[in-house]
Amino acid sequence: MSQKEWPLWEVFIRSKQGLDHKHVGSLHAADAEMAIQNARDVYTRRLEGVSIWVVESKHVHASNPDDAAAFYEPANDKIYRHPTFYTVPDSIKHM
Amino acid sequence: MQDTHTILLPEVTPEVRQQLFDYVLQLADTSLILAHRLSEWCGHGPILEQDLAMANISLDLLGEARSYYQYAAELEGQGRTEDDLAYLRSAVQYRNPLLVEQPNGDFAHTIVRQFLYDAFHYHLLVQLQTGPDRQLAAIAEKSVKEAAYHVKWSAEWVIRLGDGTDESRRRVETAINALWRYQGELTTPTPTEQALQAVGFVPGYAAIQQQIDQHVARVFEEATLAVPQGVFAQKGGKTGRHSEHLGYLLTELQYMQRAYPGMKW
Numbered sequence: 001m002s003q004k005e006w007p008l009w010e011v012f013i014r015s016k017q018g019l020d021h022k023h024v025g026s027l028h029a030a031d032a033e034m035a036i037q038n039a040r041d042v043y044t045r046r047l048e049g050v051s052i053w054v055v056e057s058k059h060v061h062a063s064n065p066d067d068a069a070a071f072y073e074p075a076n077d078k079i080y081r082h083p084t085f086y087t088v089p090d091s092i093k094h095m
Numbered sequence: 001m002q003d004t005h006t007i008l009l010p011e012v013t014p015e016v017r018q019q020l021f022d023y024v025l026q027l028a029d030t031s032l033i034l035a036h037r038l039s040e041w042c043g044h045g046p047i048l049e050q051d052l053a054m055a056n057i058s059l060d061l062l063g064e065a066r067s068y069y070q071y072a073a074e075l076e077g078q079g080r081t082e083d084d085l086a087y088l089r090s091a092v093q094y095r096n097p098l099l100v101e102q103p104n105g106d107f108a109h110t111i112v113r114q115f116l117y118d119a120f121h122y123h124l125l126v127q128l129q130t131g132p133d134r135q136l137a138a139i140a141e142k143s144v145k146e147a148a149y150h151v152k153w154s155a156e157w158v159i160r161l162g163d164g165t166d167e168s169r170r171r172v173e174t175a176i177n178a179l180w181r182y183q184g185e186l187t188t189p190t191p192t193e194q195a196l197q198a199v200g201f202v203p204g205y206a207a208i209q210q211q212i213d214q215h216v217a218r219v220f221e222e223a224t225l226a227v228p229q230g231v232f233a234q235k236g237g238k239t240g241r242h243s244e245h246l247g248y249l250l251t252e253l254q255y256m257q258r259a260y261p262g263m264k265w
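In order, the protein sequences belong to chains A and B.
The numbering of the first sequence is our numbering, which starts it at 1 and goes up by one.
The numbering of the second sequence is our numbering, which starts it at 1 and goes up by one.
With a straight-line cut-off of 35 Å between C-alpha atoms, the simulated DSBU-like cross-links for lysine-lysine are:
no., chain 1, residue 1, chain 2, residue 2
1, B, Lys152, A, Lys4
2, B, Lys152, A, Lys58
3, A, Lys22, B, Lys152
4, A, Lys16, B, Lys145
5, B, Lys142, A, Lys22
6, A, Lys58, B, Lys145
7, A, Lys16, B, Lys152
8, A, Lys16, B, Lys142
9, A, Lys22, B, Lys145
Partial chain B-side listing against chain A, Cβ under 10 Å, derived:
no., residue
10, Ile47
11, Leu48
12, Glu49
13, Gln50
14, Leu52
15, Met54
16, Asn56
17, Lys152
18, Glu156
Derived from the structure by calculation, the hints contain no laboratory data.
Being a predicted model, the structure only gives us computed values, none of them experimental.
Even glycine gets a Cβ: it sits at the ideal position worked out from N, Cα and C.
Whole structure, please, built from the sequences with the hints as guidance.
Have a look at this one:
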């Protein structure tokens, strides 16, 4: 065996029906099946979840921190992109 | 360790009640001893995730053991508590089968011991769920969900080790050769179990053995492992004749209560 370490997986848990899966952490596993079992044992011990997603970490592509200025700062002075100019009727909750 | 919940006692003759006490104690001891063995892995697992998996299974079994000990204490009705039954009985009074007291060995030994037990445990609980003893049925109904996961976990590892590297295969085959002899005791009824089977409180073991055989054959085939044939079944634990390993295990398990009677923390 040339590869001694199992690959890293990112774990996403849905805490309740209707909510999104949220990233909770990562773990090592040989394949997807083991990753789901490990996620069950590591991340759902205290009733945290009703559904588990795992994805190998190498498949996650991240933005480069060096691009932060170019990526995010231009949005700072464009408040008109927030839909705050509408009046929300009183009967609409959870907006 | 004190919980308050209603325990349903069956309406049976004193003789059957005594037999039921012995049988429930056997179930309790079995879960407790295997839980203790798995807890010995805590902090020593091959990787963090499996260390946690074994600790989780250990805690599942400990919870199940407590339910049985509480029920046994009620059946006995002599004022003994679950703690008295777990901590203040000697090795010859323990009624667990030999399989679960076998030492952890390497990871393959632990996995094979676990899988052989899980296959039995799961199929037994499925039957107990619909048995005439409502208290046992309730405990089984809670525990069967845990056991279903245990057997899925250990089967997955048998397959990985068997169909893995040369070394993992060699190790899992060595473990199967060492532990297979203890499998037969699980479904060989003691006189107590036979008496309870006659009145329907313990399920028939022939049907369970068939389900276990099919389950094991399916997993071993996927693991490309051979199912041993014609191995002499080593028995004795369920009637109190244990291997030397149990004494050492109990020494550690019971040390605090023996050294400091009645201690709480």
